[in-house]
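Chains as they are written, first to last, in the working numbering: chain W, 29 to 222; chain A, 5 to 225.
Worth double-checking, as some hints may not be accurate.
What the hints assert, rightly or not - Beyond 12 angstroms from chain A on every Cβ pair, some chain W residues (computed):
no., residue
1, L63
2, G146
3, D154
To be verified - Part of the chain W face toward chain A, derived, beta carbon under 8 angstroms:
no., residue
4, L56
5, M88
6, R89
7, K107
8, A109
9, H110
10, R113
11, D121
12, Y141
13, Q145
14, D148
15, F150
16, P152
17, Y156
In short, the hints are calculated from the structure, not lab data.
Nothing here was measured: the structure is a model prediction, and the numbers come from that model.
The C-beta atom is built at its ideal place from N, Cα and C for all residues, glycine as well.
These are the residues of each chain, in order.
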Amino acid sequence: MASDSSLSEGFLTTRVDAVVNWARSNSLMPLPMGLSCCAIEMMAFAAPKYDVARFGSEAMRFSPRQADLMIVAGWVSYKMAHTIRRVWDQMADPKWCIAMGACASTGGMHRCYGVVQGCDNFLPVDVYISGCPPRPESLIHALMDIQEKVRNEYSVAQDGHFGNEMPAAAAARPKVLSSVGADAINPDGLYHQQ
Amino acid sequence: MSKKQPTTLAFRFTPADSAAGEDSNPHAKASTDVEATLEALASHFSDAVEEVIAYAGERTVRVDRARIIDVLTFLKKEQGYTYLADLGGIDRFTEDDRYEIMYNLVNMDQGKRIRVVIRVDEDSMTVPSATAVYKAANWNEREVWDMFGIRFEGHNDLRRMFMPDDFDYHPLRKEFPLLGVPGSLPLPPQTPSGGLTLDPFARAHGSIPPKSFDEPAGEDD
Ligand code: SF4
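Make the full structure from the sequences, and use the hints.
Listed below in structure tokens is the structure:
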């Protein structure tokens, strides 16, 4: 076989991407943004019974500088949102995000004034998990989805683009209300107060 | 196979309504039987006690709001109610004297509980602070201020308990919309130099929060 012949020569050819992605996907270090009840399931996910060490992600890092996967586990209050975005911005590229549970994905049963209706309003979420709370298996599944995503990324070629805004995002953003700038809109004009 | 009869699915209440005004509530044990305290209150504060409510075997004393500190001090010092278990606000919305503040007190030695309430009208939303009598009232009063906008005179640190300091509303008032007032609680900016996101449903309206930004230029760049 062809591969036999190359191996018998004593070398192996591959893409740098494949090696880098293999390393990255099997050593994801989660930052446990445990905000409420879902965090209990996230602990089970790391503990021996479900044992995420099998996937190389047992090292939970509470310092954003050492983490590359943020697990938002629980509901996000408006007060906390600013802290979470700040922690996210402190994480080094490349980084990924899991919205764990109904609350982090959509606000869930907390359809009220104090809870952000989905952390994707201010965070770029890669994988959403349904459930209240999701079982640890679901979180492992989400981690495997992230691994799948990482393995299919152009890691080397794309590193040059990290830090730049994606064109699609720039086009979509002016619709969003902002307090300053040309697109500043008075929110009263868009909503009818109940 | 036996079919489940609809009656077995009936939702059952704690018999609170039928127990109103009686002492037959099985959940209210002797701890809420506080006749001696009620008599002492009636004799010391005959002008301040406005109403004694017996509901489901529990006693609630409504007192004049101007005298609440005297009443609490008396209950603590003379009657042994040394523990303030809870303090909270109630919005009765359409009633006169719209707000109520309730104090749940416990006598640890005798195992007795009593509830004291005062009423607050919308025109004068200031009540004396109980922190001088019960230190535990501190955070509860901050919460009542946060949620209902009732000021506590004499409180040494009346900041909001839960909501951000610059929030304009008092969300537990009945007229406050459940989903809040759009724009009153901003989300983080969409770009580092951008303004705060005022749209609570930014994602649904097309926002794709960026993953990361260029590092700001350092001094030697
Ligand atoms: S999804 Fe359920 S378990 Fe998770 S934070 Fe929300 S309420 Fe708690």
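Against the structure, the hints:
Its beta-carbon lying about 15 angstroms from the closest one in chain A, L63 (chain W) satisfies the requirement of being farther than 12 angstroms from that chain. Distance check for G146 (chain W) against chain A: the nearest CB is about 6 angstroms away, which does not clear 12 angstroms, and the non-interface claim fails. Its closest Cβ contact with chain A, about 9 angstroms, brings D154 (chain W) to no more than 12 angstroms, contrary to its assignment away from the interface. Taken as an interface hint, L56 (chain W) does not check out: its beta carbon lies about 16 angstroms from the nearest beta carbon of chain A, beyond 8 angstroms.
About 21 angstroms separates the beta-carbon of M88 (chain W) from the nearest beta-carbon of chain A, more than 8 angstroms, and the hint is not met. Given the 8 angstroms rule on beta carbons, the hint for R89 (chain W) is violated: about 18 angstroms separates it from the nearest Cβ of chain A. With 8 angstroms as the threshold, the beta carbon of K107 (chain W) comes within range of chain A, its nearest partner Cβ sitting at about 6 angstroms, so the hint holds. Interface restraint check for A109 (chain W): the shortest CB-CB distance to chain A comes to about 5 angstroms, inside 8 angstroms, so the restraint holds.
The interface hint given for H110 (chain W) holds, since its Cβ lies 5 angstroms from the closest Cβ of chain A, which is under the 8 angstroms cut-off. Checking R113 (chain W) against chain A: minimum C-beta separation of about 4 angstroms stays under 8 angstroms; hint holds. The interface hint given for D121 (chain W) holds, since its Cβ lies 5 angstroms from the closest Cβ of chain A, which is under the 8 angstroms cut-off. Annotation: Y141 (chain W) was flagged as interfacial toward chain A, and the flag holds, the nearest CB pair being 3 angstroms apart, inside 8 angstroms.
With a cut of 8 angstroms, the hint placing Q145 (chain W) at the interface with chain A holds, because the nearest CB-to-CB distance is about 6 angstroms. With its C-beta approaching chain A no nearer than about 5 angstroms, D148 (chain W) sits inside the 8 angstroms limit, and its interface hint holds. Hint status for F150 (chain W): holds, given a least beta-carbon distance of 5 angstroms to chain A, under 8 angstroms. Proximity of P152 (chain W) to chain A holds as hinted, the smallest CB-CB distance being about 5 angstroms (cut-off 8 angstroms).
Taking 8 angstroms as the C-beta contact cut-off toward chain A, the hint placing Y156 (chain W) at the interface is violated, the least distance being around 11 angstroms.
The structure fails hints 2, 3, 4, 5, 6 and 17 (numbered hints given earlier, in ascending order).
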